[in-house]
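There are 2 protein chains.
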Amino acid sequence: MTKVITNKSINLMEKLSLFSEHWSPKVIAEMNDYQFKLVKLKGEFTWHKHEHTDETFLVLKGEMTILLRDKTIKLCENELYVVPKGVEHKPVAEQECQVLIIEPKGVINTGDADSELTADNDVWI
Amino acid sequence: MTKVITNKSINLMEKLSLFSEHWSPKVIAEMNDYQFKLVKLKGEFTWHKHEHTDETFLVLKGEMTILLRDKTIKLCENELYVVPKGVEHKPVAEQECQVLIIEPKGVINTGDADSELTADNDVWI
Numbered sequence: 184m185t186k187v188i189t190n191k192s193i194n195l196m197e198k199l200s201l202f203s204e205h206w207s208p209k210v211i212a213e214m215n216d217y218q219f220k221l222v223k224l225k226g227e228f229t230w231h232k233h234e235h236t237d238e239t240f241l242v243l244k245g246e247m248t249i250l251l252r253d254k255t256i257k258l259c260e261n262e263l264y265v266v267p268k269g270v271e272h273k274p275v276a277e278q279e280c281q282v283l284i285i286e287p288k289g290v291i292n293t294g295d296a297d298s299e300l301t302a303d304n305d306v307w308i
Numbered sequence: 184m185t186k187v188i189t190n191k192s193i194n195l196m197e198k199l200s201l202f203s204e205h206w207s208p209k210v211i212a213e214m215n216d217y218q219f220k221l222v223k224l225k226g227e228f229t230w231h232k233h234e235h236t237d238e239t240f241l242v243l244k245g246e247m248t249i250l251l252r253d254k255t256i257k258l259c260e261n262e263l264y265v266v267p268k269g270v271e272h273k274p275v276a277e278q279e280c281q282v283l284i285i286e287p288k289g290v291i292n293t294g295d296a297d298s299e300l301t302a303d304n305d306v307w308i
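Sequences listed follow chains A and B, in order. Sequential numbering from 184 applies to the first sequence in our numbering. Sequential numbering from 184 applies to the second sequence in our numbering.
So that you can see chain A by itself, here it is in the shape it has in the complex:
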């Protein structure tokens, strides 16, 4: 897809209201070769890692947990965490949690994992 340059600001809550499915990131903006993606989480994701990049989670609404092999990161509203490159992680959310993900274009949600949770990539909303 060609680069989208908007003429106005992008409202995160408006964009979040446009979809309801879980674990299916939607691209809302690009910055250089990075993308901003909104995602709704509920339940347990799969353990995976991204070999070539860090990945940022910013919680907009609700709460989530990022399980790492050696620790657990709890994220509440307005909290962010950068999962380092190559580090195995498993996102979990007991109740629905709405998240802004920032990462390079082309990153697959399930990373290196062979999973039925792998979502279509580069889906804009």
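Hints in this document: simulated from the structure, not taken from any laboratory. Hints should not be assumed to be uniformly reliable.
[Claimed, not checked] Result set (DSSO-like, lysine-lysine): computed pairs, CA atoms no more than 30 Å apart in a straight line:
no.	chain 1	residue 1	chain 2	residue 2
1	B	198	A	198
2	A	191	B	244
3	B	273	A	191
4	A	273	B	288
5	A	273	B	273
6	A	232	B	288
Once you've looked at the hints, dock chain B against the given chain A.
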């Protein structure tokens, strides 16, 4: 500064409570060679551009306007805008506005402009 890897999530509001000066971005996290910076804006900034990179503004509290030469971008809470690479812009905020900036490490706040508003770079909080 060497890369900071935190063992817990970063709370944006807590970090914002740690400083009060305007137009002085504070780094709170890194993702690959990008940085997340918090800044408080009030008044008028200087016209400038960043020749080599896009720059993302996400409003956390308050309202701001980004003047471009050919249009005006209004940003309310939970709205983001990506200023394209090489595009002249002038951030303005009538009342204090609290913003998360995302851009590559090393970007100077005043870009190509010769300005007394140029802030120290890579200041962590």
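Hint by hint, here is what the structure shows:
1. B/198 with A/198: 26 Å, holds
2. A/191 with B/244: 18 Å, holds
3. B/273 with A/191: With Cα atoms ~15 Å apart, residue 273 of chain B and residue 191 of chain A stay inside 30 Å; holds.
4. A/273 with B/288: 28 Å, holds
5. A/273 with B/273: Status violated; Cα separation ~41 Å.
6. A/232 with B/288: 24 Å, holds
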